[in-house]
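Chain by chain, the residues run as shown.
Protein chains: 2
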Amino acid sequence: MNYNDLFHIIDDKNRIKLGKDIEDKYLSDALNRNKGEADVLVFPINTDEVSSIMKFAYENNIAVTPRGAGTGLVGATIPTKGGIILDVSLMKNILELDENTLTVTVEPGILLTELQKFVEEKGLFYPPDPGEKNASIGGNISTNAGGMRAVKYGVTRDYVMGLEVVLADGSILNLGGKIIKNSSGLDIKDLIIGSEGTLGIITKAILKLIPKPQKSVSALIPFNSLEEGIDTVIKIIKKNANPTAIEFMEKDVIENAENFLKLKFPCNYGQAYLLLTFDGDETFEIESNYNKVKEVALENNALDFILLDKKEDIERTWKIRGALVTAVEAVSEQEPIDIVVPIDKSADFINYTKVAEKEFGIKISSFGHAGDGNVHLCVIRNGMEESQWNEKSKLLLQALYRKGKELNGLPSGEHGIGLNKRSYFIDVTDEINVEYMMRIKKAFDDKGILNAGKSYSE
Amino acid sequence: MNYNDLFHIIDDKNRIKLGKDIEDKYLSDALNRNKGEADVLVFPINTDEVSSIMKFAYENNIAVTPRGAGTGLVGATIPTKGGIILDVSLMKNILELDENTLTVTVEPGILLTELQKFVEEKGLFYPPDPGEKNASIGGNISTNAGGMRAVKYGVTRDYVMGLEVVLADGSILNLGGKIIKNSSGLDIKDLIIGSEGTLGIITKAILKLIPKPQKSVSALIPFNSLEEGIDTVIKIIKKNANPTAIEFMEKDVIENAENFLKLKFPCNYGQAYLLLTFDGDETFEIESNYNKVKEVALENNALDFILLDKKEDIERTWKIRGALVTAVEAVSEQEPIDIVVPIDKSADFINYTKVAEKEFGIKISSFGHAGDGNVHLCVIRNGMEESQWNEKSKLLLQALYRKGKELNGLPSGEHGIGLNKRSYFIDVTDEINVEYMMRIKKAFDDKGILNAGKSYSE
Numbered sequence: 001m002n003y004n005d006l007f008h009i010i011d012d013k014n015r016i017k018l019g020k021d022i023e024d025k026y027l028s029d030a031l032n033r034n035k036g037e038a039d040v041l042v043f044p045i046n047t048d049e050v051s052s053i054m055k056f057a058y059e060n061n062i063a064v065t066p067r068g069a070g071t072g073l074v075g076a077t078i079p080t081k082g083g084i085i086l087d088v089s090l091m092k093n094i095l096e097l098d099e100n101t102l103t104v105t106v107e108p109g110i111l112l113t114e115l116q117k118f119v120e121e122k123g124l125f126y127p128p129d130p131g132e133k134n135a136s137i138g139g140n141i142s143t144n145a146g147g148m149r150a151v152k153y154g155v156t157r158d159y160v161m162g163l164e165v166v167l168a169d170g171s172i173l174n175l176g177g178k179i180i181k182n183s184s185g186l187d188i189k190d191l192i193i194g195s196e197g198t199l200g201i202i203t204k205a206i207l208k209l210i211p212k213p214q215k216s217v218s219a220l221i222p223f224n225s226l227e228e229g230i231d232t233v234i235k236i237i238k239k240n241a242n243p244t245a246i247e248f249m250e251k252d253v254i255e256n257a258e259n260f261l262k263l264k265f266p267c268n269y270g271q272a273y274l275l276l277t278f279d280g281d282e283t284f285e286i287e288s289n290y291n292k293v294k295e296v297a298l299e300n301n302a303l304d305f306i307l308l309d310k311k312e313d314i315e316r317t318w319k320i321r322g323a324l325v326t327a328v329e330a331v332s333e334q335e336p337i338d339i340v341v342p343i344d345k346s347a348d349f350i351n352y353t354k355v356a357e358k359e360f361g362i363k364i365s366s367f368g369h370a371g372d373g374n375v376h377l378c379v380i381r382n383g384m385e386e387s388q389w390n391e392k393s394k395l396l397l398q399a400l401y402r403k404g405k406e407l408n409g410l411p412s413g414e415h416g417i418g419l420n421k422r423s424y425f426i427d428v429t430d431e432i433n434v435e436y437m438m439r440i441k442k443a444f445d446d447k448g449i450l451n452a453g454k455s456y457s458e
Numbered sequence: 001m002n003y004n005d006l007f008h009i010i011d012d013k014n015r016i017k018l019g020k021d022i023e024d025k026y027l028s029d030a031l032n033r034n035k036g037e038a039d040v041l042v043f044p045i046n047t048d049e050v051s052s053i054m055k056f057a058y059e060n061n062i063a064v065t066p067r068g069a070g071t072g073l074v075g076a077t078i079p080t081k082g083g084i085i086l087d088v089s090l091m092k093n094i095l096e097l098d099e100n101t102l103t104v105t106v107e108p109g110i111l112l113t114e115l116q117k118f119v120e121e122k123g124l125f126y127p128p129d130p131g132e133k134n135a136s137i138g139g140n141i142s143t144n145a146g147g148m149r150a151v152k153y154g155v156t157r158d159y160v161m162g163l164e165v166v167l168a169d170g171s172i173l174n175l176g177g178k179i180i181k182n183s184s185g186l187d188i189k190d191l192i193i194g195s196e197g198t199l200g201i202i203t204k205a206i207l208k209l210i211p212k213p214q215k216s217v218s219a220l221i222p223f224n225s226l227e228e229g230i231d232t233v234i235k236i237i238k239k240n241a242n243p244t245a246i247e248f249m250e251k252d253v254i255e256n257a258e259n260f261l262k263l264k265f266p267c268n269y270g271q272a273y274l275l276l277t278f279d280g281d282e283t284f285e286i287e288s289n290y291n292k293v294k295e296v297a298l299e300n301n302a303l304d305f306i307l308l309d310k311k312e313d314i315e316r317t318w319k320i321r322g323a324l325v326t327a328v329e330a331v332s333e334q335e336p337i338d339i340v341v342p343i344d345k346s347a348d349f350i351n352y353t354k355v356a357e358k359e360f361g362i363k364i365s366s367f368g369h370a371g372d373g374n375v376h377l378c379v380i381r382n383g384m385e386e387s388q389w390n391e392k393s394k395l396l397l398q399a400l401y402r403k404g405k406e407l408n409g410l411p412s413g414e415h416g417i418g419l420n421k422r423s424y425f426i427d428v429t430d431e432i433n434v435e436y437m438m439r440i441k442k443a444f445d446d447k448g449i450l451n452a453g454k455s456y457s458e
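Here the protein sequences come in this chain order: A and B. The first sequence: position 448 = 448 (my numbering), numbered continuously. The second sequence: position 443 = 443 (my numbering), numbered continuously.
Next comes chain A alone, as it looks inside the complex (with noise of 0.2 Å):
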């Protein structure tokens, strides 16, 4: 393929990279585990040129893979067609930030930290808040991002009222706007958050923003044992104490986790634990909340309640949470997994783990947003040996992702399925499911040229 046409879209050679000159990063994934292969490398650095590159990939057939800031744990963001990465990273600017609709207007390469923080300065905020930090925005839509704050206030879809898309052929899609209530013909916009890169490519969004809570605490509850944390939960959400957000972990893998900080967590007794936080503007409102939450908690085999309201211990506690992962991964090559099951049916899958772990003989830690059902899993490997590992491994995935549809719910709760759970997605999913967002998908990209291979796409 002769790619100098491209030279001519993107006229600064430092935005085009060829073949060998493509660094590994931009050929993988965050788990940078495995390495797919491109021709070509291009940094567009606004919508035309985005549209001028898929012209040129539609005209000539060639296949097209996304990628933000590559923080994504799927593979959806490894070339395995060959053709052209088009990276949205430079694309990185605030457009407009507007105070009149609460709303902001970004540019996909933008990262979730930059973007809180912008909006944090001018007293807003933007509620969706994933665990990492540095994926890009487009990448949050593309995955419809979750994060610890969706029990009080929904997900990255709830908060995208606009989206400017450029689709396979290089046509350009305006979405939505600064209108809260929509029923005007079809969502499409919908569509497109979530479709990880399958059917366009997020140019620009408009957001919506709130008003910033003025205060925060956090409680931490330890229990017994996971079950009881986790049934207390959903009397927890029956109370109304709108809590921001309800996490669950084990002593274990807290301990992991102190080990690899060198911090200490602020309680040493119970097996299991129960992490909220309750934000808003008003000192008696969150007092409301969590004494709601304490009672309920006491009532139900709770060792303790203990309040956290000093900025250093919310800080310690939140850090160790977030390092979860990263703990497990500086001892083991690890597999996440983040099923999602109703919220009632979270002990149910978690005690599954316990039972799949002794038949595996493979260790899985759990933790997760306790509040949404959205568990999150940890294979480790521990030194098992490749071709057992590889063999075992899927098994046991096949074997959690078919319990979890056994529970009624789905593979992924916000990670999305991109290439590394494709497997086990279509082997839960019903075939007329994957038949009509195939139908979606050649009525977007009828050259299959977006993204082709990720998710439920051929």
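Quick caveat, the hints were computed from the structure, so don't treat them as lab data. Among these hints, one or two may not hold up.
Since copy identity is lost for identical chains, a pair holds within one copy or between any two.
Pairs of lysine-lysine, PhoX-like flavour, derived with a Cα cap of 20 Å [claimed, not checked]:
#1 K292 x K238
#2 K311 x K212
#3 K264 x K17
#4 K319 x K215
#5 K215 x K294
#6 K212 x K235
#7 K251 x K55
Computed from a predicted structure; not experimentally measured.
Using the hints provided, position chain B relative to the given structure of chain A.
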């Protein structure tokens, strides 16, 4: 066409009506202004029957017009291509109330009022609250109905967790579930929501509930002008006072409704009003919120802040608000419009209606959801001679929709497009958006049998 096969699918003659036996109301919508034609009207009672009817229609290339309670305002239920009217109003069972996941699973024909009553008796709450309580849930989902409480709680889309949908060829698709996060392939569920029966027939819905707020008060704020009122809305929202609803009304519209209902509005000074509600579990929380609003309002030229905390006052005031359209209709034919604009453009849009009134010589009443930019207009005939009305009202409507677009708004916030607004929608929507909607339509319904000619669909 021979419809005998339908009698094998539906073995109860009371549930099939042929040609002339079809009552007029099934050939129209709530406005009862235009009437279509159809060969047969069927009332399936379960998903299998819906699926069999669709298989029959698909094989025989027969147009199908789905309908529920028939309360739509945009002609989406008017059969324009003959064939079958598929009425789901007998499918109105509540299939499950799951208090652990705070979900209710219902058939599409259940009325909003029935659903609200059922869940509220159990201490739960279905927040979407469109004006028309006798609409069916299937219809609410098909138009992504909004309503009064959208400021705090969002719209129907935000409460639809799962759907069962029968597609054009009779296939059955299950989407979503009792799960809170989802990043598992394309989001077909949100594509169905708001699709006005053009992509499939909703046969089951899993809806999200919340605990019922224990307390609610309203507040009425009079201003000397509508502009002052609308300007204050943005300031209220920035104050994080969490109102459930923010409605605006002008004095003349209220007087009309007062006369119609023979009820007295709680305030007779001021030219325009904001009407708010606040709900929650704790009195201090509600008080704190409305006091924030009171402060902002009085700083911004409000003439008063009238707290309505007696049940009788609240009911009477909202009854008047609820009757605004009916009161207009009692006097004259009117064209209902629900253009949505960015919230800070509401005043510009309403000001334009005053200009347009004069320019076209047609009276326009405005009121609506000030908290979300969803402006409701009644374009009122007031005895204008028919040919003149037909010509002038079309030009006025076109001008209003174009003004909405100019202000970065969209044609409908909650009513949908249907048949009546189709030409205006096409006029103000980018061609490429309509093209991709049609591509999706073809992916779902290649023969174009499902509610074709409505909304975006040819």
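Outcome of the hint check:
no. : hint        : in the structure
1   : K292 x K238 : within (10 Å within a copy, 28 Å between copies)
2   : K311 x K212 : within (17 Å within a copy, 33 Å between copies)
3   : K264 x K17  : neither (46 Å within a copy, 74 Å between copies)
4   : K319 x K215 : within (19 Å within a copy, 38 Å between copies)
5   : K215 x K294 : within (19 Å within a copy, 22 Å between copies)
6   : K212 x K235 : between (28 Å within a copy, 15 Å between copies)
7   : K251 x K55  : neither (53 Å within a copy, 55 Å between copies)
Violated hints for the displayed structure, listed by number in ascending order: 3 and 7.
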